[in-house]
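The lines below spell out each chain.
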Amino acid sequence: MRLPLAGLLLFSAFATAPAFAHHSFAAEFDAKKPVELKGTLVELEWVNPHAWIHMEVKDESGKVTRWDCELGSPNLLMRSGWRRDSLKKGDVIIVNGSAAKDGSNLANAKTVKLADGTRVFNAGSSGDAGTPGAPVQ
Amino acid sequence: MCVDKVRFNSLLAPAFCLAFCCLTPAPARAQWLDYPTRGIPRNPDGKANLSAPAPKLPDGKPDLSGLWLGDQWSPAGRRPNPPGNARPSPPEMFPWAQKVFEERRASQIKDDPEARCMPQGVPKASTLPYPFELINASGKLVMLYEMYSLRREIFTDGRELPKEFISPSWMGYSVGKWEGDEFVVTTAGINDQVWNVDLAGHPHSDVLRVTERFRRVDFGHMDIQVTIDDPKTYTKPWIMPVMRYTFLPDTDLLEFVCEKNIDPQHMVGK
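Protein chains in written order, with this note's numbering: chain Z, 1 to 137; chain G, 1001 to 1270.
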């Protein structure tokens, strides 16, 4: 499959850490490592306790890497407007979130949007993604 | 139904019906997600009237039934604390408990069994970003939690809590009684696989006794005041910040089976 041009941006910008995030976030992800991933959806995995976006990201040298991005639970996602078919394999998406502390290609997603700007989703995660279940407007 | 119109053999009929259903367009209304709640007060615009008076049971006590979501997780946000209920001081722990508390905080509670899909226990299960439902039943109030599909039975048939628990459980054993307009629930017998009584990570021992005072303020709002009494862990009973809930109309609990958590393998703590 031909991959669209996609960029991977890792920022080391300062961000305010949550006062005390849910352990599954704070033990695993670093709120001070924001990440923006643009790539192609391989699968929206609709499982509890967290749904996952599996995607392929091509960097500037053309190297393709697989990233896994944690979302909220399917129930939280559904209550904020997601459906299990909201994203389709091959969709070009942009995920904003926080990178994993262990350095793996893993992130906690805050927002997910289609690259053409048609839809934006709150990722509904229980980490520091804001109010779970709240639609992004 | 298709079975009436076509004579299949009995094995093929279900398969045909399944295929038929899959090809039929889904109804516009999402299954159970936004089904209107019957018999609740509504404003002229059709929305639930959350400030209507609290409903009553036939015996005159407040009716607590319904779906409830913690205010901090709802788009409307948390209501301010009631007067006189400012955030209490941190509880005073005995040295062993302080050590455990600090160790777990230092590792961001990464080894909490909850992260491996185990139940959160009482009262922590009531502090999470999912609704729970209260259902009146004969001799008990049933509490169904959406998260991890947990449930509690709060017995109101006059029984006392056992003196000893031969099998401490994840969600403990609960009895409830009315004190005026407050439903007072006492819970004990919570096992040691439940690490914390709250999201901050406060530990407990086998003598933990949790008191939850439920008060339905009006139709749309309920408070639960929790007291933690654990004389092996804390120097004296302590009161948590009041937990505030808003009625969640026009939806139902959804199933939540914690089937696949890949987080623990990536949890590094600090």
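Incorrect hints may appear among the rest.
To be verified - The following label-pair restraints were derived from C-beta to C-beta distances:
1. G:Gly1077 with Z:Val47: 24 to 32 Å
2. Z:Glu36 with G:Lys1260: 24 to 32 Å
3. G:Pro1231 with Z:Arg84: 46 to 54 Å
What the hints assert, rightly or not - Cross-link-like lysine to aspartate or glutamate pairs, in silico, DMTMM-like; alpha carbons within 20 Å at most:
4. G:Lys1260 with Z:Asp91
5. G:Lys1260 with Z:Glu45
6. G:Lys1140 with G:Asp1192
7. Z:Lys101 with G:Asp1063
8. Z:Lys38 with Z:Glu56
9. Z:Lys63 with Z:Glu36
10. G:Lys1110 with Z:Glu60
11. G:Lys1140 with G:Asp1181
12. G:Lys1140 with G:Glu1182
13. Z:Lys38 with Z:Glu60
14. Z:Lys89 with Z:Asp116
15. G:Lys1177 with G:Asp1192
16. G:Lys1260 with Z:Glu43
17. G:Lys1110 with G:Glu1259
18. Z:Lys89 with Z:Glu45
19. G:Lys1232 with G:Glu1259
20. G:Lys1061 with G:Glu1164
21. Z:Lys101 with G:Glu1103
22. G:Lys1177 with G:Glu1103
23. Z:Lys101 with Z:Glu43
24. G:Lys1110 with Z:Glu45
As the list claims (entries may be wrong) - Among chain G residues calculated to face chain Z with C-beta under 8 Å, some are:
25. Ser1051
26. Gln1108
27. Leu1141
28. Leu1144
29. Asp1252
30. Leu1254
31. Gly1269
Calculated directly from the structure, the hints in this document are not laboratory data. Predicted, not measured: the structure shown is a model, and the values here were computed from it. Where a beta carbon is used, it is the ideal one built from N, C-alpha and C, also for glycine.
Now for the hints, and whether the structure bears them out:
One distance hint, 24 to 32 Å for the beta-carbon pair glycine 1077 of chain G and valine 47 of chain Z, holds here, with the actual separation near 29 Å. At roughly 26 Å, the beta-carbon separation of glutamate 36 of chain Z and lysine 1260 of chain G lies within the given 24 to 32 Å, and the hint holds. Remark: the range hint 46 to 54 Å for proline 1231 of chain G to arginine 84 of chain Z is upheld by a beta-carbon distance near 49 Å. With a C-alpha separation of about 24 Å, the suggested pairing of lysine 1260 of chain G with aspartate 91 of chain Z is violated against the 20 Å cut-off.
Of the pairs offered as hints, the one joining lysine 1260 of chain G and glutamate 45 of chain Z holds, with about 11 Å between alpha carbons and a cut-off of 20 Å not exceeded. Note on lysine 1140 of chain G and aspartate 1192 of chain G: the hinted pairing is violated, with a Cα-Cα distance of about 26 Å set against a maximum of 20 Å. The hinted pair formed by lysine 101 of chain Z and aspartate 1063 of chain G fails the criterion: a straight-line CA distance of about 47 Å is larger than 20 Å. Restraint check for lysine 38 of chain Z and glutamate 56 of chain Z: the C-alpha separation of about 8 Å stays at or below 20 Å, so the hint holds.
Note on lysine 63 of chain Z and glutamate 36 of chain Z: the hinted pairing holds, with a Cα-Cα distance of about 17 Å set against a maximum of 20 Å. Distance check on the hinted pair: lysine 1110 of chain G and glutamate 60 of chain Z sit about 35 Å apart at the alpha-carbon level, beyond 20 Å; violated. Annotation: proposed proximity of lysine 1140 of chain G to aspartate 1181 of chain G holds, straight-line Cα distance about 17 Å (limit 20 Å). Of the pairs offered as hints, the one joining lysine 1140 of chain G and glutamate 1182 of chain G holds, with about 16 Å between alpha carbons and a cut-off of 20 Å not exceeded.
Between lysine 38 of chain Z and glutamate 60 of chain Z, the direct Cα distance comes to roughly 12 Å. Compliance with the 20 Å bound is thereby established for this hinted pair. Straight-line distance between C-alpha atoms of lysine 89 of chain Z and aspartate 116 of chain Z comes to about 15 Å, which keeps the hinted pair within the 20 Å bound. Restraint check for lysine 1177 of chain G and aspartate 1192 of chain G: the C-alpha separation of about 27 Å exceeds 20 Å, so the hint is violated. With a C-alpha separation of about 16 Å, the suggested pair lysine 1260 of chain G and glutamate 43 of chain Z falls inside the 20 Å cut-off, and the hint holds.
Restraint check: the Cα-Cα separation between lysine 1110 of chain G and glutamate 1259 of chain G comes to about 18 Å, which is no more than 20 Å; the hinted pair holds. In summary, the hint linking lysine 89 of chain Z to glutamate 45 of chain Z is supported, as the alpha carbons are separated by about 11 Å, within the 20 Å threshold. In summary, the hint linking lysine 1232 of chain G to glutamate 1259 of chain G is not supported, as the alpha carbons are separated by about 35 Å, beyond the 20 Å threshold. Taken as a hint, the lysine 1061 of chain G and glutamate 1164 of chain G pair is broken in the structure, with Cα atoms around 31 Å apart against an allowance of 20 Å.
For the hint linking lysine 101 of chain Z to glutamate 1103 of chain G, the alpha-carbon distance of about 19 Å falls within 20 Å, and the restraint holds. Proximity of lysine 1177 of chain G to glutamate 1103 of chain G is assessed by CA-CA distance (about 38 Å); at most 20 Å being required, the pair is judged violated. Under the criterion of a C-alpha separation no larger than 20 Å, the hint pairing lysine 101 of chain Z with glutamate 43 of chain Z is inconsistent with the structure, at around 23 Å. For the given pair, lysine 1110 of chain G sits about 23 Å from glutamate 45 of chain Z by alpha-carbon distance, which is inconsistent with the 20 Å threshold.
Against a cut-off of 8 Å between C-beta atoms, the interface hint on serine 1051 of chain G is violated, since the closest Cβ of chain Z lies about 22 Å away. The interface hint given for glutamine 1108 of chain G holds, since its Cβ lies 4 Å from the closest Cβ of chain Z, which is under the 8 Å cut-off. Proximity of leucine 1141 of chain G to chain Z is violated relative to the hint, the smallest CB-CB distance being about 23 Å (cut-off 8 Å). Nearest Cβ of chain Z to the Cβ of leucine 1144 of chain G: about 14 Å, over the 8 Å cut. The hint is violated.
For the restraint placing aspartate 1252 of chain G at the interface with chain Z, the shortest Cβ-Cβ distance is roughly 11 Å, beyond the 8 Å limit, so the hint is violated. Of the supplied interface hints, the one on leucine 1254 of chain G holds, with its beta-carbon coming within about 5 Å of a beta-carbon of chain Z, less than 8 Å. A distance limit of 8 Å between C-beta atoms decides the matter here; for glycine 1269 of chain G the minimum to chain Z is near 5 Å, and the interface restraint holds.
Checked against the numbered hints listed earlier, the structure breaks hints 4, 6, 7, 10, 15, 19, 20, 22, 23, 24, 25, 27, 28 and 29; every other hint is satisfied.
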